[in-house]
Amino acid sequence: MKVEHGQSEIPVRHDFPGTLPPPPASKAREGRPFISLLRYNRPYLWNYIFGALIAVFFSLVGLVMPMVIRYIIDGFERGNLGHGKLVLLVSGLIVLSLVSGVARYFQRTLMIGASRKFEYDLRNDLFAHVQRLSRSFFNRTPTGEIMARATNDLNYVRDFIGPGIMGTIDTIRLPFTLAMMIYLSGRLTLVALIPMPFISLLVFTFVRISHRRSKKVQELFAVVTTEVQENLAGARVVKAHGMGDRAVAGFRENATRYMKANIRLVSFMSFAFPFIGSVIGVIMLLVTWRGGSMVIRGELDLADYTAFMIYLVMLAFPLAHLGWVLTLYQRGAVGMNRIARILGEAPGIWDGDHTDPDARVSRGHVRFEGVSFAYGTVPDSALALRDISFEAPEGAMVAIVGPTGCGKTTLVSLLAREYDPDLGRIQIDGHELRAIPLRRLRSAIGYVLQDTFIFSDTVRENLRLGRPEATDDEILAACAVAQLTEALADLPKGLDTMLGERGINLSGGQKQRLALARAILRDPRILILDDALSAVDTQTEERILDGLRGVMAGRTSFVVAHRFSTIRRADLILVMDNGAIVERGTHEELLALDGLYARMHARQLLEEALES
Amino acid sequence: MSGGYHMEDEVQQRAYDSTLMRRLLGYLRPYRTKLILALVLLLIASLVSSVSPLLVMYGVDNFLANAERSGLQQEIAKQKTPDPVQLDALAGMVSRDQRLLFLLVLLLGALIIVESGFRYAQLLIVAHVGQRTMFEMRMGLFAHLQTMSLQFLDRNPVGRLMSRVTSDIEKIQQTVVSGGVQVASDFITIFVVLAIMLSVNKELTLVAIVPVPFIFATSFIFRKFARHSFLEIRRKIAAVSASMQESISGMRVVQIFGREDANYNRFRALNADHRDEWLRQVRYFAIYFPAIEFFSSLSTSLIILYCSWNVLKLGGYVSGTASVGTFFAFISLSERLFGPIRALADRYNMLLEAMASSERVFELLDTPPDVDDRPDAVPCDHLEGAVSFENVSFRYGEGEWILKNINLHIDPGERVAIVGHTGAGKSTIINLISRFYDVQEGRILVDGVDVRKYRQRALRSRIGVVLQDVFLFSGSVEDNIRLGDAAITDEQIRAAAAYVNAAPFIERLPGGYGHKVGERGCNLSTGQRQLIAFARALAHEPDILVLDEATSSIDTETEMLIQDAINRLLDGDGRRRTCIVIAHRLSTIQHADRIVVLHHGEIHEMGTHQELLARDGLYRTLYELQYKDQLAQE
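Just so you know, the sequences run in chain order A and B.
With the working numbering applied, the first sequence closes on residue 639, and no number is skipped along the way.
With the working numbering applied, the second sequence closes on residue 1506, and no number is skipped along the way.
Just so you know, the hints here were simulated from the structure itself, not pulled from any lab data.
Each hint should be verified, as a subset may be incorrect.
What the hints assert, rightly or not - Pairwise CB distance ranges, derived in the manner of DEER restraints:
no.	chain 1	residue 1	chain 2	residue 2	range
1	A	179	B	1283	46 to 52 angstroms
2	B	1312	A	260	25 to 31 angstroms
3	B	1152	A	567	49 to 55 angstroms
Stated by the list, open to error - Looking from chain A toward chain B, a few residues come up when the C-beta cut is under 7 angstroms (computed):
no.	residue
4	121
5	264
6	291
7	294
8	306
9	308
10	474
11	477
A virtual CB, placed ideally from N, CA and C, is assigned to each residue, including glycine.
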């Protein structure tokens, strides 16, 4: 049977093969939710086909019971029904319902199971795609937005794919049931069907109204959510201005509006459900009356009439169901569109036609030529980098200094190709940065960020993030350079200590040193330290730099720093202000220049005097 | 994320907690009468709807299966030329049966309308009560959050607190209120239907409910398996979400270190775990639902068997025991019996989820505010503006001491500038005056009264604080100045804005004071935001003004406006108020009556600008370091 198909697919845990799927010709298309869903469900086509076949079987089996009752009643009247025959018939019925129960089992596992597998596929795709997106995307998309799509929206889509489609397929029984009813009495079928268009209209109207009202509820829910979020995020202002009571009053207003919208929706539902119920009831009565009259007049057999009534009940329920399925579909379509919007995001920075498969970073010779860059589209005055040109020979140490917000971090992040420059070009070893395969480029760069991100995992896993095959000896060597050995010895379980959310918290300085060790461990051609030692004290910093000199011999390094004790070691110092390089040279040359660098240096000397 | 609790991650092992339930029910107590009314309505609706099968039974047996009439019909059908007398009698019987049937149908129609009406009224009541309870719970929680200290809010991520006020309460409403009434309704229906079945035919009732014990047994076994699986699913989806959240937050590191593949595989493993647990759950349900369906249809089959057997045994229809009508009645009654029984099993799972939600909500509600008003706290309508620090020492939690034995007296109307290094403790002083935190040692007096003796809100409403980072709420510029205080007139807002140089740029905005801010990101510059914050502080006419000058660089034009605005604020608009400024601008310092030099949490020097410069101490060094450049620029 096809159900086991799912079993064999379950892969071995913790040993997942494969790499990130290639950048997609995405299966999802925004604005075409139905096409997207079809594409994603193609692997489960057979599940649906079998599910539908079972539904047909199920409908056919369902037709038997009323006919058996008809046969029995008929038998009473003709007097040709014996006890033995009766027991046989009823046993047959029981066996049939047993068989249809088994069929139901397979239908559910096939179809609901497919929806769960589909959910898995789509979530994987979403995750994989998000990993390909560049920083510009994350700068404009809050984490919560992405999470909402991966959870809430995905659930809506899955509910449509599973229960929704199953509910739709179950309506297969309608034509069969109808055929039986026509067979029993064409005239009575007509009576039963005359109100049907009216019922459909009613259901559609109800769905439309409830959709409108629930949309309102969802909008107001967002308002309430935002208000709570702002109130908490702006807690200082709220408190400083003694706004507490007023905030509660304001919140009360919106919460009341939300409650009223909810009541409007629920009141409607409270009306709609009994109303539809009673409309169906009245139709049944209409048939009871007309059919009953026919029986009384002798135009219709009592047996036929009984079977007909049972078929009518079987017909009415899936119809009432249809409204629910429509709601599921509406929500699923909206959810799929929201997900498709993310899946449709161009990765921005990725390999493509411009990539030269032979390009590699061999020596670490870096060259910036007239590089300008802006975050988003902004007026000229807000360029983050303007006309940056410099050259860092293989093995050089380049220090970048300047006031806050002058573009130091932007400069180094362009080197790691987190963004592409708007103007000018960047070359490493004569290759255009865009030509070097992205993975290869990144693996050649050890980048220590301003903000250290620690994953909730062991110290070991955090350290060998960029080189999973690193041995403990190599890890310890890198830790020694980063002056992390002592801190490591203090950890309860050494390298196996859990960090992050469910583990212990390292101090700022320890985190920075861990991040440094992590980068060293990759053995990069180019090392970037973006203000990476700010939380480390001066003496330790000196020791780290001394150690680095040995490890990084012959490798190019870029150091964004504030301490002149660090900066003065550099072969080339770039002084930046407002996105441009304003001074460049060695420490001595720049001091002699008596410009911004010299002023900053003098100020720091004073500051140090003050601190001591 | 550190230091918080990790609720989502824990599997809620406690299935049903009676204390929690009692507490939840406590919220419903004010609506007791309404809920009782709803239950009564429900009872009537159940009774009415269960009566109709009996009427149908009566109708079928007496009108449709009228033996006398059908006998006559058969007899006439056998005759070649029908007897006119018999034909007449038949016509009479037919028209009588038809008329009675029509009346019966009308009666049934009336019952349906009555039943729907009652159901509608009952649903309406429950909806209202549910929404009201949820509203009150939400308001209570929100109001409680307003009393929580900054320390608490710093510790707990906004997202986590937010979901308590929003989605958790939503879940409680869905299950406890509507769910609770539904459970009651299910029980009522079961009993009513059983009673009616018994009143018609005891033996047949017993036959019909033969499968019931099997249903309960199946549900019991199913629940045992499904519940574990259900809890596992919760745990696993939490792991999936956490992994995703972490990956998105740490995406830079992931990409820079080329960890995409490994990361993806890790996620896939978690995702697959979650999927497989679901597939297991799907299998449980795939067994459970059809099993229950089977038992219901077993009941139908048994009813058919019993009725038919009796018809054969008694040699004909006997109403109430063996007839087509009894068929009809019992089949529809057994539908009405099994529906609620099926539903009852289902609702248990929903209850589990609601329990987890309510536990989270109550946990938050039960966290006492750590900076609280004393019971005998005094209000303050007006402050003279004298501020004294007496031997004040302070640290955040168990950290290092930020302030050490600070003694400082500020006279009403005095303008004090606080200067010092980053981390010298300047911002902490501001936090303490407004009592965002309580001091560990010493005391702070405002107008000679310990700040801990004031009502917090009253105290804060007399102190105008302007912080470095200006927080704007989504709303109009006007709303952001007024901050919901209806007592502030439009004129006052405009006057305040004009006084602090904010009016010109505000009037240039599309919509002027009605311009919406915050909604589409920050559409105002840092400088403009600060000017709005000044107007905000001024419009509330504080008795003490506390200002944390922003250090961020601002374009020259706005910078001049800001500097001018600060000086105007310090000079006061017609009245002199106490001003405490953490100063970064030379001109601000020069406007101050006194300068306090803070160094490593201690007051190092104090005096006027000239005095301090003459002293040739720390201030002079600071001055040369931070302010001399400004002098040169001017």
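Hint by hint, here is what the structure shows:
{"no.": "1", "hint": "A:179 - B:1283: 46 to 52 angstroms", "verdict": "57 angstroms, violated"}
{"no.": "2", "hint": "B:1312 - A:260: 25 to 31 angstroms", "verdict": "28 angstroms, holds"}
{"no.": "3", "hint": "B:1152 - A:567: 49 to 55 angstroms", "verdict": "52 angstroms, holds"}
{"no.": "4", "hint": "121", "verdict": "5 angstroms, holds"}
{"no.": "5", "hint": "264", "verdict": "5 angstroms, holds"}
{"no.": "6", "hint": "291", "verdict": "10 angstroms, violated"}
{"no.": "7", "hint": "294", "verdict": "6 angstroms, holds"}
{"no.": "8", "hint": "306", "verdict": "9 angstroms, violated"}
{"no.": "9", "hint": "308", "verdict": "4 angstroms, holds"}
{"no.": "10", "hint": "474", "verdict": "5 angstroms, holds"}
{"no.": "11", "hint": "477", "verdict": "10 angstroms, violated"}
Going through the hint list in order, the structure does not satisfy hints 1, 6, 8 and 11.
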